[in-house]
Amino acid sequence: MDTMNSHTYIKTEIKHPLEPLTPTEVEQTVAILRNQKQLGPRIRFAQIVLKEPEKDFVLSFQKGDPIDRQAFVILLDNETGKTYESIVSITNKQVISWKYISNVQPGFMLDEFEECEEAVKNDPHYQEALLKRGITNLDLVMIDPWSAGYFGDEEEGKRIARALAWVRKSPNDNGYAYPISGLTAIVDLNKMEVIRIEDFAKKPLPPLDGNYTPETSDSIKLRTDLKPLDIIQSEGPSFEIDGHHISWQNWDFRFGFTPREGLVLYNIGYKNKGRIRPILYRASLAEMVVPYGDPTPFHNRQNAFDSGEYGLGQLANSLTLGCDCLGEIRYFDAVMSDSRGNVKTIPNAVCLHEEDNGIGWKHTDWRNDNTEVRRSRRLVISFFATVANYDYGFYWSFYQDGTLGVEVKATGMVNTGSLEEGEAPKYGTVIAPQLYAPNHQHFFVFRMDTQIDGTKNSIVETNTVPEEKGADNPFNNGYYVKSKVLKTESEAARSLNLETARTWKIINPNSKNYVGQPVSYKILAEANCVPYANDESSLMKRAGFIKNHLHVTQYDPNEMYASGKYPNQNKGGDGLVKYIQADRNIENEDIVVWYTLGLHHIPRLEDWPVMSVDVIGFQLKPFGFFDRNPTLDLPRPTPRCEDHGHHHH
1 MDTMNSHTYI
11 KTEIKHPLEP
21 LTPTEVEQTV
31 AILRNQKQLG
41 PRIRFAQIVL
51 KEPEKDFVLS
61 FQKGDPIDRQ
71 AFVILLDNET
81 GKTYESIVSI
91 TNKQVISWKY
101 ISNVQPGFML
111 DEFEECEEAV
121 KNDPHYQEAL
131 LKRGITNLDL
141 VMIDPWSAGY
151 FGDEEEGKRI
161 ARALAWVRKS
171 PNDNGYAYPI
181 SGLTAIVDLN
191 KMEVIRIEDF
201 AKKPLPPLDG
211 NYTPETSDSI
221 KLRTDLKPLD
231 IIQSEGPSFE
241 IDGHHISWQN
251 WDFRFGFTPR
261 EGLVLYNIGY
271 KNKGRIRPIL
281 YRASLAEMVV
291 PYGDPTPFHN
301 RQNAFDSGEY
311 GLGQLANSLT
321 LGCDCLGEIR
331 YFDAVMSDSR
341 GNVKTIPNAV
351 CLHEEDNGIG
361 WKHTDWRNDN
371 TEVRRSRRLV
381 ISFFATVANY
391 DYGFYWSFYQ
401 DGTLGVEVKA
411 TGMVNTGSLE
421 EGEAPKYGTV
431 IAPQLYAPNH
441 QHFFVFRMDT
451 QIDGTKNSIV
461 ETNTVPEEKG
471 ADNPFNNGYY
481 VKSKVLKTES
491 EAARSLNLET
501 ARTWKIINPN
511 SKNYVGQPVS
521 YKILAEANCV
531 PYANDESSLM
541 KRAGFIKNHL
551 HVTQYDPNEM
561 YASGKYPNQN
571 KGGDGLVKYI
581 QADRNIENED
591 IVVWYTLGLH
601 HIPRLEDWPV
611 MSVDVIGFQL
621 KPFGFFDRNP
631 TLDLPRPTPR
641 CEDHGHHHH
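Under this note's numbering, the residue at position 606 of the sequence shown is numbered 606, and the numbers go up by one with no gaps.
Since the hints were made in silico from the structure, they are not lab data. Please note: incorrect hints may appear among the correct ones.
As a list, the in silico DSBU-like pairs of lysine-lysine whose alpha-carbon atoms are at most 35 Å apart [stated by the list, open to error]:
#: 1; residue 1: K99; residue 2: K547
#: 2; residue 1: K456; residue 2: K541
#: 3; residue 1: K51; residue 2: K273
Simulated restraints on C-beta separations [what the hints assert, rightly or not]:
#: 4; residue 1: D139; residue 2: P214; range: 22 to 30 Å
#: 5; residue 1: Y480; residue 2: K63; range: 46 to 54 Å
#: 6; residue 1: I87; residue 2: K63; range: 20 to 28 Å
#: 7; residue 1: N368; residue 2: P557; range: 53 to 61 Å
C-beta atoms are modelled at their ideal positions from N, C-alpha and C, and glycine is treated no differently.
Based on the sequences and whatever the hints tell you, model everything.
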């Protein structure tokens, strides 16, 4: 079809201002930029995403209102090393803004990984270093480009990757079993050439393989005694989909997908009292950092910002293969671009399905033997990303009682290092002969632009305290909660406290429940941890946000990322740490709540050669948001459940 028609077709197709960019819109964005900015051949497109319209526009949007579709683009000129930001109106076919951003590095682009591996393998000095270690077959060498971070290096102003390496024994071998220890290539990604090689402490390759499939390992025979467990939804799923708009069991929300954050949820609300009551305006993973706790040379600079430096969305798996989800699944593609401006679609990047979630509520009246039970079901929307050795699943779950759950599943390969025979590592765990995995942590920061019954919210901290001895407490058993509103950004940088069962509630002081209290949602913490790196470390300068489990900021559309907009090679002091220095008022304001989730990983033998899923998460639970349990109206389970039990007499 000719372009004129395709353009009008696009216009009618977009039903809501938060619908993600379509493949055609990505193409049009690139064409408009190439046309109006005469881009050179060495320009890379670091990111092309929907420029989300202003909140007021979205909240007052009525079906059929005109939408000016805009894209936000980050570009890198390999020739000059300069970074540019541009806003393009696709609707009006014009570049609205174009600005040079000094002293920043965009995150890695996927095609840079492959080109970096080539450059390293083709470098004669690197080949020499491999030869010294008896490695001759370059096809079997695996190069993982690690972010360089900032360590006061002389490479300032250059776009750098630190290339670490492993070697496979055969093409389908698990290379992570054989680290090429003591060898790092420093690569200039603009020139795609090796600047220098760090070669120290050559250690032998470990003796055993790390293979984990029956095809690659003689010792693995798959079990044959597991009978089928079928999940059948004979009448189909209970959710409804319109583009990226989902409704299910009183829940109503939209979703999008960005190369940096992956899954983004918007306009989350719950239907109650005849209307959809808003809960969150936007929710996403705002950063994720994996600090390693091993000070030895091969590992001491490993602090990967998997979201800001690598882009979890661009590393998303296509869920076409394998069985990531069960039941009546709906898949959605993720649309982005490669660094050359071609449309890159990840088919089936997002999975939506329902899950049985055990008992919702139950009571047996022992006097008359009446039992009432309801089963709980949850709607799960998820994606999986592979960042070099690790694989991460991100799951957002909607429960029928108004609870919203977030889960991260960590799996894949632990990072590895080699040992001399008989060497015991101080900063990690031996996982196989002469192979160890360093201690490390994973911190995930979730950004939640809250909208509990409206845009003006406050945050309340609650601590539990024991009652003092005295006449009012004759048996010394009393305890009660003390609550206070956190009024400013500096006051709201807080951490969990087991002793006081500390929790935080997001309240709307302007909306009261029927006992006269402000409606609220509570952050229900599960497992968490604290960082161990010193305050003077590069990590803590760049990822200071991991010092606290909670931050609250006044809404600012430019403050999206816990590590700042450009964490790659950033010296630090940006992001959340900087945002809260403004110390704005957060009481009865449009606020954003940031929750940090930490996974403390002291590796186990059982984490090798592939790691069973480690699950970590938190929940947002209604706390006086509803007047009573909102699941009293759930259907009774069908009587069928009694027929399946086998009665032995």
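Okay, the hints, checked on the actual structure:
1. K99 <-> K547: holds, 34 Å
2. K456 <-> K541: It holds: about 32 Å lies between the C-alpha atoms, which stays within 35 Å.
3. K51 <-> K273: It holds: about 34 Å lies between the C-alpha atoms, which stays within 35 Å.
4. D139 <-> P214: 22 to 30 Å: holds, 24 Å
5. Y480 <-> K63: 46 to 54 Å: holds, 49 Å
6. I87 <-> K63: 20 to 28 Å: holds, 25 Å
7. N368 <-> P557: 53 to 61 Å: Holds: the Cβ-Cβ distance is about 58 Å, inside 53 to 61 Å.
Violated hints for the displayed structure: none, as all numbered hints are satisfied.
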